[in-house]
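Q: Sequence:
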Amino acid sequence: MLEAICKHWEGPISLALYLSDAEAQQFLRYAQGSEVLMSRSNVGYHIVYKEGQFYPVNLLRNIAMKHVNTPYMFLSDIDFLPMYGLYEYL
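The opening residue of the sequence shown carries number 2 in the numbering used here; numbering runs sequentially from there.
Some clues are possibly wrong.
As the list claims (entries may be wrong) - Using 30 Å as the maximum straight-line C-alpha spacing, the simulated DSSO-like pairs for lysine-lysine come out as follows:
id: 1; residue 1: Lys67; residue 2: Lys8
id: 2; residue 1: Lys67; residue 2: Lys51
id: 3; residue 1: Lys51; residue 2: Lys8
These are computed hints drawn from the structure, not numbers from a lab.
Full structure from sequences and hints, please.
A: Structure follows, in structure tokens:
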């Protein structure tokens, strides 16, 4: 899904990921093997290591928002695929 989002959204992305050590290593291999992700220089990956049984959605959103470097932001979850050209339209 991340590759599809990057194809649809050309603007900057601040992405917070909730991963274990093993998942972080797996994601790194995935990202390094992805032509789409490696071609992007405006995507920030922020890893929060898993702790406990709860999914800290607000913490992840706050971390992603903390690293936004633009005057405006478009908040979205990973399961939302923006229409092509939305970044330019906004």
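Q: Within 30 Å, alpha carbon to alpha carbon, are Lys51 and Lys8?
A: Measuring from Cα to Cα gives roughly 28 Å; hence the hint holds.
Q: Compare the distance between the alpha carbons of Lys67 and Lys51 with 30 Å, and conclude whether the hinted pair is satisfied.
A: OK: Lys67 and Lys51 at ~19 Å, within 30 Å.
Q: Is it true that the CA of Lys67 sits at most 30 Å from the CA of Lys8?
A: Measuring from Cα to Cα gives roughly 24 Å; hence the hint holds.
Hint compliance for this structure: every hint is met.
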